[in-house]
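Q: Modelling step: build the complete structure from the supplied sequences, incorporating the hints.
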Amino acid sequence: MSHFSVAFDRRAGSPEASVRILDLRGELDAHTAPDFEAALEACLADDDHRLVADGSGLEYVSSAGLGVFMAFVEPTREGGGDLKIAALPERVFEVFDLLGFPTVFDMHETVEEAVDAFSN
Amino acid sequence: MARLSLRLRVRGDTAELARVRQRVAQWASAAGLTEAAKRKAQLAVDETVANAIEHGLPDGHVITVMGTLGQRRLVVTVRYQGAGFDPTTAPTGSADEALRQRAEHGYGLHLIRALADDVAYRRDGTVNEVRLAVGGER
Numbered sequence: 102m103s104h105f106s107v108a109f110d111r112r113a114g115s116p117e118a119s120v121r122i123l124d125l126r127g128e129l130d131a132h133t134a135p136d137f138e139a140a141l142e143a144c145l146a147d148d149d150h151r152l153v154a155d156g157s158g159l160e161y162v163s164s165a166g167l168g169v170f171m172a173f174v175e176p177t178r179e180g181g182g183d184l185k186i187a188a189l190p191e192r193v194f195e196v197f198d199l200l201g202f203p204t205v206f207d208m209h210e211t212v213e214e215a216v217d218a219f220s221n
Numbered sequence: 002m003a004r005l006s007l008r009l010r011v012r013g014d015t016a017e018l019a020r021v022r023q024r025v026a027q028w029a030s031a032a033g034l035t036e037a038a039k040r041k042a043q044l045a046v047d048e049t050v051a052n053a054i055e056h057g058l059p060d061g062h063v064i065t066v067m068g069t070l071g072q073r074r075l076v077v078t079v080r081y082q083g084a085g086f087d088p089t090t091a092p093t094g095s096a097d098e099a100l101r102q103r104a105e106h107g108y109g110l111h112l113i114r115a116l117a118d119d120v121a122y123r124r125d126g127t128v129n130e131v132r133l134a135v136g137g138e139r
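Chains as they are written, first to last, in our numbering: chain A, 102 to 221; chain B, 2 to 139.
Simulated from the structure, these hints should not be mistaken for lab results.
Glycine included, every Cβ here is placed at the ideal spot set by N, Cα and C.
You can take every hint at face value.
If you anchor each label on the Cβ, the simulated ranges turn out as follows:
hint: 1; chain 1: A; residue 1: ALA146; chain 2: B; residue 2: ASP87; range: 35 to 45 Å
hint: 2; chain 1: A; residue 1: ALA118; chain 2: B; residue 2: THR90; range: 42 to 52 Å
hint: 3; chain 1: B; residue 1: GLN27; chain 2: A; residue 2: SER106; range: 19 to 29 Å
hint: 4; chain 1: B; residue 1: HIS56; chain 2: A; residue 2: HIS104; range: 20 to 30 Å
hint: 5; chain 1: A; residue 1: ALA143; chain 2: B; residue 2: THR89; range: 35 to 45 Å
hint: 6; chain 1: A; residue 1: ARG192; chain 2: B; residue 2: THR69; range: 24 to 34 Å
A: Below you can see the structure in the form of structure tokens.
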């Protein structure tokens with residue numbers, strides 16, 4: 102079975118303008134995508150729209166995972182924030198890049214850069 | 002001696018996808034393929050099996066994944082019973098259009114078509130067969 106986890110209790114930025122970090126680990130596929138979707142829904146339910154997906158622990162992504170990212174980019178932007186993507190390993194970035202996702206998402210090499218981008 | 006063929010029976014359950022990827026990777030590595038070729042094969046087969054699970058498979062049926070290694074490419078056949086779903090003709094529009102519309106589904110077909118050198122589909126009665134040819138550079 103695919104191993105995947107998403108923790109989303111980490112925050113960065115200032116207290117009055119915090120950014121919530123989602124730590125993705127393992128394989129994001131058709132089996133595990135609902136876990137990622139539930140985490141993003143929980144963030145929006147908490148009224149957190151400034152989100153960074155930390156992909157440094159991500160080992161694999163398939164189209165089901167890409168679809169979850171796409172489902173939440175506009176809701177976060179409509180809420181005054183964004184869903185930024187950071188620190189993807191090269192082999193995972195290649196899949197995003199193959200379909201042109203970098204034209205839609207604000208992607209960064211590090212989580213710190215992604216968090217700072219909310220201030221710019 | 003590396004096994005130069007792959008034969009795998011998969012339950013119609015997305016929990017099986019990780020095992021499919023693992024077996025494809027083992028097979029591709031044993032055959033001496035590059036990491037890049039191995040990843041292409043893994044993702045293309047994953048997407049094809051996921052489509053079979055999502056679109057066609059009645060409860061209790063299995064998917065058969067068979068692979069053979071040619072001189073220059075891998076040929077993987079995914080066979081399952083159920084409703085027809087032809088990845089070569091299913092309408093998807095362009096990937097750019099899907100991105101503009103923020104589509105949540107349909108990227109699997111774009112990936113299959115982008116990763117595989119050739120995709121073929123045939124249906125015989127209730128049996129669907131998708132054949133992928135993936136570049137097998139070593």
